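Use these hints to put chains B and C with the ligands onto chain A, whose structure you have.
Protein chains in written order, with my numbering: chain A, 1 to 338; chain B, 1001 to 1334; chain C, 2001 to 2350.
Since the hints were made in silico from the structure, they are not lab data.
Just so you know, these numbers come straight off a predicted model, no measurement behind them.
Mixed in with the good hints there might be a few duds.
[To be verified] Here's a subset of chain A near chain B, in silico, CB distances under 8 Å, partners left out:
(1) Glu-46
(2) Gly-164
(3) Asp-220
(4) Lys-266
(5) Lys-272
(6) Met-281
[As the list claims (entries may be wrong)] The following residues of chain B were derived to be distant from chain A, with all beta-carbon distances above 12 Å:
(7) Asp-1010
(8) Pro-1016
(9) Asp-1094
(10) Gly-1124
(11) Met-1205
(12) Ile-1301
Glycine included, C-beta positions come from ideal geometry on N, C-alpha and C.
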Amino acid sequence: MDTAEISALSVRNLRAGFATKDGVIVAVDDVSFDVPKGKTLGLVGESGCGKSVTALSIMRLLPNPTGRIISGTIEHHGNNLVDLSIDEMRKVRGAQIGMVFQEPMTALNPVHRIGQQLSECFFLHFPNITKKEAWDRSIEALKRVGIPAPETRVTEYPHQLSGGMRQRVVIAMALACDPGVLICDEPTTALDVTIQAQILDLIGQLQADLGMSVVMITHDLGVIAETCDEVVVMYAGRVAEKGTVFDIFEKPQHLYTTGLLSSIPKLESPGKERLSTIPGMVPSLADMPMGARFAPRSGHPKIGEYLESAAFKEERPELAEVAPGHWVEDCEYVRVFG
Amino acid sequence: MSEKLLDVKDLKVHFPLRSGLFSRTVKHCKAVDGVSLSLKKGETFGLVGESGCGKSTLGKTICRLIQPTAGEIHFQGANIAGYDRKQMRPIRRDVQMVFQDPAESLNARHTVREILEEPFIIHGIGDASARRKKVDALLDRVGLGKQAAGKYSFEFSGGQRQRIGIARAIALEPKLIICDEPVSALDVSVQSQILNLLMELQKDMGLTYLFIAHDLAVVKVISDRIGVMYLGKMVEVADGAEIFKNPIHEYTKALISAIPVPNPRAEKNRVMLRGDVPSPIDPPPGCAFARRSPIKVSEEIASQPGDYVEVSPGHWVEMHPATVADYDSYAASS
Amino acid sequence: MLKFKLNPLTRKKLERFRSNRRGFISLIVFCVLSILALGAELWVSNRALIVSYEGELYFPTYGDQYSGTDFGEDYSFEANYRDLAQKWEEEGSENWVLLPLVPYGPNESDFKDGLYPPFKPSFAESHFLGTDKTARDVLARLVYGFRIVLYFSAGYVSLVYLIGVGIGCSMGYFGGKFDLIGQRLIEIWSNIPFLYVVIIVASVTTPDFWKLLLIVVAFSWTGMTFYMRSGAYKEKARDYVAAAEALGAGNARIIFKHVLPNSLSTLVTFIPFTVAAAITGLTALDFLNFGLPVPTPSWGELLKQGTTNLHAPWIVLSTFSAMVTILLLVTFIGEAVREAFDPKKFTLYQ
Ligand SMILES: Nc1ncnc2c1ncn2[C@@H]1O[C@H](COP(=O)(O)OP(=O)(O)OP(=O)(O)O)[C@@H](O)[C@H]1O
Ligand SMILES: Nc1ncnc2c1ncn2[C@@H]1O[C@H](COP(=O)(O)OP(=O)(O)OP(=O)(O)O)[C@@H](O)[C@H]1O
Ligand SMILES: [Mg+2]
Ligand SMILES: [Mg+2]
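In isolation and in its complexed conformation, chain A is listed as follows (with noise of 0.2 Å):
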């Protein structure tokens, strides 16, 4: 169909994991989503949920050699980024698609200047450069994330730049090569909240300048109200519901995504007051069932029928549109009932 023309990213059915002694874990289970072009998704889930690894699967960046994709494709510019090669792939890192990390600092080498690091970016993917091309695109691509100085700054290390700066030099390496996909990996997580409100900004002007597509991971529902278009909820490894940024925080119809957004403290809220939580743990990923994963904590009335029916042990529910672009868990003992 028409997608490819309006997405930039379009995962199928992504399924990965890790090999471990025990078996194959498997982490990511037949996740699939669309990136719009030039807009936001938003990848919100909570801790070990499989956020992070479904990024790193999109830049095929998967720990060697436990972590791999089993099955699915990532569809980029008309290539399957499953089936490229290891040197194809590089040459897509970085000049189509840019990562930030959640900590900076694992990001840039602590014993390389600033401008070094940046020129070894523009190096990779232009090999005809010359040194004081590179220097100078570096101070260019640092005044464009807004870092004050940058002629100064190229020069100093990464542990003379605070949290939030060093977070800028990451989001300028990732973006030295305009990249027309920008993956950011809880990229103010380590960051307080004025200063995320900052990064969050330019993150927002960046996209509107050039036109990037940008898909946001993060546990925080905040974050995602504000910066995203469409958005995916993951729940133990599952797309749990998915749609645009309006039907996910105004009718959601999973128990987890309610769950979820009843308990977050609100600043409205007067206080001292008891919140609203979702009941129970997430299930260790090494037993996980085959039905709907949510269903133990989900507080339907009816619940017993379902976990001892046959159904929840076998039958892994799909996912229905029940709007258009809003797709849910299509399983009635974890949707929103009365």
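Same frame as chain A, now just chains B and C with the ligands:
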């Protein structure tokens, strides 16, 4: 309710930074630089501020894990700031702490039972079987169940580990618990479980909390009063509702406006701050916030210190031309 | 100790160690060799295992020595069991002797009339690796030399760890002035040239096993203090120590229950390398003549004999192979231990 449990007066904690061959002290990191606050029995005081502003240092100093440089810490009327190890021992039963990183704060070589028995062993409470019963009761109290006792902390999820940390803190039935970002490392759904547990415990045991966090929304949920810290100083203190309704300090306003709101239709009007948090190592003279404030003032004014003023009952603000929008009218009225 | 074993983290480390085949096999081989060396009297000795003399059984291996007169000979020094065996065999008498596999002691010369040692390896005479230039059996000297190396390493490792951990831990834990002064003193101490001290001591007295051990340890504990110091310093700053302190735990409790166990676990990985250092150190000193007094069986002394008597290549070859084998085994064990303790270092990204 009005009885003061803790009264901190002009507390300062300066870390000497050594450098050079002869290890001379050349600089000071002014982590806490003149903070006063008081806690009434049974209330929760929320403390917010950005990373590095000295929240943990303040908490640990009140717990006397860090030696204060100057100032007074009155706990139940006695100034414990100068107490030595031996004098502190009885106080330890009354002041406990819950830490930010539940994995880091539990010894990975000890089972949960060993971790929870430690307070009783240290204070010589009960024999082995009595301790056993107490540990089981504690585990039940924090919602983990007895079967958790034989396991090691890393066999639990983050939320469960934090429950173990809380169980250890309430073991000696303290009066004051310093919660240093107890939910910052947790997922939202787990975070709300832990906050509920803390509120329940407070009601049942009559606890007083100093609740440290960097997330204003979390602090709002649990606190009676809220204090905002910036670079080692308290810049605004008020009732929970008051501080959100009527923030006066520009920094408080910026913090509140920076919270991402989980509502896609919410309109954003952010107070954007300039630059980064300055370092507490040799901070700029005068008002620490003046150089980042959206209200621009001359360097001369910025280097004047602000006054800590009670603008309405229980609402204290650091008054300075750069930190308060209508400084002149406040100055005139007082 | 039992508790230590039950900790699943430790168990996982052990499992990881076992799954490294090379390291695990090396450990088994090393243990077997050590047991062989510790029980060397049972297979390398000039004392017989069993003597049957006039209907009675004697076990001379351990315990008092029997003189020649005990077995009807005309000399009163220790019985020569090889001669006895040969004599009774030739006489066809009722009496018999069961000799060990290698019937020579480490310090015993087996001269032959009219021939100059060293003698070539010979299976007929049970000199499996030949003899050195004073006609002592090379295999016997290697085995007993290895035993001394083992004792030396055990003493070295325990002393270095005891002193290093004790001092390092207190420096890291208490910090402050104590740490500062301690560090400066250690720096000064470790700048004293080790070899000179050994030469001086060797010229004043003959160093025996214990003196040598103490001298070597005196100059090698400093490295361990630095590891331990930084380990203790790191652990001390962690929140679980703060929690214990907030509960009112005293210094002793914090050190022995919290700081030590947690910082020691990383030091375990150094043990194999410390053992290797002890082996090479002792061998080198012996080689340079500053080591154990003659005629103690020692690898360094054998190595020196071998290099000066290249016309008898069996000496240098067997000593050299023995050293390389042991050092390789220890290194493989060390690598496996390190890998088992820190597996993260070994996962790669594409
Ligand atoms: N190298 C690995 N080997 C084995 N399992 C792994 C590895 N990396 C991740 N996993 C597992 O895969 C699952 C998904 O992890 P992932 O990092 O994608 O979570 P996430 O959603 O990004 O969580 P967070 O919010 O904590 O970053 C987790 O349960 C994790 O235990
Ligand atoms: N032992 C110490 N020696 C020297 N400086 C220290 C020490 N402990 C803390 N500091 C410094 O004191 C300042 C305040 O630190 P503190 O940990 O109290 O901040 P915080 O508000 O708790 O921050 P966060 O939100 O990151 O936990 C920081 O700049 C820190 O570097
Ligand atoms: Mg992640
Ligand atoms: Mg802190």
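Cross-check of the supplied hints:
{"no.": "1", "hint": "Glu-46", "verdict": "4 Å, holds"}
{"no.": "2", "hint": "Gly-164", "verdict": "6 Å, holds"}
{"no.": "3", "hint": "Asp-220", "verdict": "6 Å, holds"}
{"no.": "4", "hint": "Lys-266", "verdict": "7 Å, holds"}
{"no.": "5", "hint": "Lys-272", "verdict": "7 Å, holds"}
{"no.": "6", "hint": "Met-281", "verdict": "6 Å, holds"}
{"no.": "7", "hint": "Asp-1010", "verdict": "26 Å, holds"}
{"no.": "8", "hint": "Pro-1016", "verdict": "21 Å, holds"}
{"no.": "9", "hint": "Asp-1094", "verdict": "23 Å, holds"}
{"no.": "10", "hint": "Gly-1124", "verdict": "36 Å, holds"}
{"no.": "11", "hint": "Met-1205", "verdict": "16 Å, holds"}
{"no.": "12", "hint": "Ile-1301", "verdict": "23 Å, holds"}
This entry satisfies every hint, going by the numbered hints stated previously.
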